[in-house]
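Asker: Fit chain P to the supplied structure of chain F, relying on the hints for placement.
Residues per chain, in single letters:
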Amino acid sequence: MPTPAVSSHEPGRRKTLALLVNTAVAVIGGAFSALLGVFAVRPVRAAPTERWIRAGTLGDLTPNVPVPRVLAVPRADGWYRARARETVFLVWDGAKQVKVFSATCSHLGCQVLWDAEAKKFRCPCHGGVYDSSGQVLEGPPPRPLTTIEARVDGTDETVLVRV
Amino acid sequence: MTSGVGVKARLLEWLDARTSFRTARHVLLDEEIPAGTGWVFTLGSVLLALISIQLLTGAFLTLYYAPTPDHAYESVRFISSSPSGRLVRGLHHFGASFLVVFLVLHLLRVVVLGSYKPPREITWLSGLALLGLVLGFALTGYLLPWDQRAYWATVVTINISRLAPMAGDAMAAVLQGGSTIGALTLTRWYSAHVIFLPALLVGLIVAHLVLMRLQGSSGPVRPKRGAPFPFYPYQAFRDTVVVSIVLLAVVAMAWRGMPPLEGPADPTDANYIPRPEWYFLGLFQLLKYFPGKWEVVGAIVLPGVVAAFLALLPWIDRGPERDPRRRPFIMATVLIGLLAVVGLTTLGWRDRPIAVSADQWTLREIGGRSIAGYSGCAKCHADTGLADPLESIALSRGAEWVSGHVTDPEMIAPGLREPPAARSEREIAAIVAYVRRVSRQPYPGYPANVEVAATVWARYCVGCHIIDGDGGKDGPELSHAGVKDGKQQDVATIRTWIVDPEAIDPLADMPSFGKRLTPEQLDAIAGYLMSRK
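Sequence lines, in order, name chains F and P.
What the first sequence shows, in our numbering, is residues 3 to 165, in sequence order.
What the second sequence shows, in our numbering, is residues 21 to 553, in sequence order.
Since the hints were derived computationally from the structure, they do not count as laboratory data.
Built from N, CA and C at the ideal position, the CB exists for glycine as well.
Only true hints are included.
Cβ-to-Cβ under 7 Å is the rule here; a few derived chain P residues that face chain F:
1. Phe80
2. Glu94
3. Ser95
4. Phe98
5. Ser102
6. Ser104
7. Val108
8. Pro253
9. Ala256
10. Phe257
11. Thr260
12. Ser264
Isolated chain P, as found in the complex:
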């Protein structure tokens, strides 16, 4: 065995003579840490670990992701269709949130302990630049799934950039790439997200770490007695404990929660209310307080003032004192800023539109199901047909494509389709609504009379009336048609309204539907409207 040890030692000697790996190990691990440096100094390592996770999972996600409007959404859904893919995408998604949280904690640690003081001003500035870069990652990465929230959040982002003084339009043009938000926007945000920003990020991290090592860890605010200790294994142990806990939390979230993927991006959807990722909710909320021409204050000026304050902090807070208790002005300012951010984020979080229960199908969607049923879709969309049954299609097309597909037999697979029966615009809209809904959520099942009423609604009423936010505005809203002037309406009256409006109101604009509906249909729609309270 002695000869074995001898061989190993000689081999390492040989390797060290050529690579100096022992010196590298010494430089990396034996950094001297000032006595008294504790657990709060682990946050930088947590960030390094989280950034590594982002780089790794991000690199692997590109194995399957396709940055084109036609396929981005489907490719993301494909990634999410396997357990490993769900986990990798989950780590990337939730890891980004953790990254933002720990960046802020790290920044607060540096501010509270005055670690930005000379000679560490440049380290501080490089850290701020890293924060900006990470937010750039968040912004560009948000678009890539090409779902509704991605698309609409990007619309808002690009419009905000227009507010920038002087260069606003030029900036928006650069961000957008093409004449609309589309293929060219997606490819350039993708390039930024996976090539340009990562290159900058890695360069800046290296600079940040080299600067940190040159000046050494700032350590406790007052030097403690005792000799400095080596990073490995003492501080490394603290780092490992905290990093492990944080990574476990990220894995747990990725394991439990599917990262959101809404319906595919649809530029024609007028009802979608975009909301940003939670860490931009503060800015989102701020915008609401500055309407009209003052918007630029909330969008550009205030965030700019905060950024400038942070950048100038080492020159605002001069003097060697690092103890937070002796820097009340800086502490108070930062605390107020922090409370403002937390407050705005909370307000933004709470201030969400009251949507109709997300699981509830609209009447149009329910009606679209019956209309699709009698329109011959199943000739091709069947288990034995050319295409998958409607219920099992993972739809990734926008509403316009679907309506084109329903209307025009030659649009897809020319010559293979039997022309569908001619349909009215409203019937087509209902089929489109149904198909888009059923690809997200299986049909929950509604009573037969509701289905009949929904079909009538989707074919006729929806042109002029609104129920639950969906419909036309020419006639009165019917969300509460069952009650008029505080009194319960009876079926007969509602039925008469539909059959012959002029019998009740000689000036009614509404056409008579008596001849267009069967008695069963009339009963169903009148009964349904009566039940709306």
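So that you can see chain F by itself, here it is in the shape it has in the complex:
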């Protein structure tokens, strides 16, 4: 490239070079901004994965009596693998059906307890009471206890719940 003479002698060349420089800088800047932007707002990967996990076997259960089970539910939080502990009640109908309720009261999130004498779930916080099928009997809870999908798996009668 010949040494450019003083700029005023060649305004056309000066303009072209300036345009090229500005365009290149804009393209490079734009490309990197786009990449870093995508990287920064990278959405949480997929939806939280649901899985069937083992909550016990029918042998552990008594017909029509809610049995509490603490599940360790694996939760992916980016690179961090947390294990959320969640209490559920398993209610076996004596045959092949198991109903599973979350122990979390629908009112303000306290953990309900099974009152074996009265055959009711009681919430220790604000006096919510549910029957053995999770329906509200008394107190402030606005909704029944949350039902969790469950199935009994064939041969060894394992109770699987979907969390």
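Answerer: What follows is chain P alone, placed relative to chain F:
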């Protein structure tokens, strides 16, 4: 429209009165460049662009990186699990290599054209300090992924620092932070990498640029006739062309190649052979020529002499002459130094251990798969279990954690696990080897008889015998068990050795395995050993 232009002009006028942006633009862009300044003077701008990429990508990588031994590796793997993350990490990784290359090219340009001569001595020294800083970045950044190479390269670095005369141990203690290389080392290298070094770097770059502008570009070695020309757009155009090409190359490498991430750091792994990043291979090679008490010569003295020579260059090479053809002594010295660095780097590059093919699983790993199969791991590690299946775990724990997890049911998730069947130490070691392998590479599949032989090997033989570098040293190595004294062994003999060693050699130390192995297992292991040549 005229009123529109008028408004715009008035607005700019208003802004300029308050910010003097026109003056700033003039200072930044209209620098006078001496006539005859050409393409070789673009290297500084390339470095600025590369450093900007490092600062930007580095800042964004901290969005996801966690500097703790428990999570550093997983967080880096998480970053690499999305296309944008792979690219950003790739740019940071390969950008670092480009940075080192262009630093050296820039340094050579300054040396060859004598640009360090008065009044630019301080600019030269600030440039050398920048080179040192960038190497500091390379060193500290290398540890952050907390994989095997990161960990072991750091072990070596810290041990080298111990060789420094007088202050060696103190220096190592400062570098290491805690009593071992661990959490405290990682956090301090992280702080250095993302806070202290960048602050120094930015300050030094500003100083370097201000000095460069104060004294002006040194230009060609002999002033050319003709008026100086403004930086923008003429030299800026050259800069843009070269910068674009270099950035395209970095992007291409980041796009094509995944930056390496080996297995997670494992301080107990005795078989790992650490190697530094390529730009330290020269130093790495140099160390090999100075064994024992002479090590300090290769590690500290020679690099120190080179650094001192470079720092004193403006005072060694006095006189106004800048033409390289008239400075033969300096040119020859620098050329010899350059050849030495290139030669050492090449030798270091070539001198790598002959590893067993990286894709080949060891017998212990293959055997570990069957042992994990009958040990009940799948009770929890299943699609319907509490934990992911073994094959799909992205393992980031070290061997000790895994072996603790296999041995002790209460170690993780107390009360949730059914106690696993009691296992021998060797079975546990095999499960650990398998789990660590399968998290890096899917099981390639081996013939059933090899799997059976591998299980036997991992349970019994590996305690005393070595195959392919893995095993105990009490008995003879069996990597070539199929051949003895140049002759092919037959299966029957090998089988007899295993069933009743004393039948062949009355003085054999080896116990009899006749009662411990089924006939199928005996056939499999004997057949396998016979095939080893």
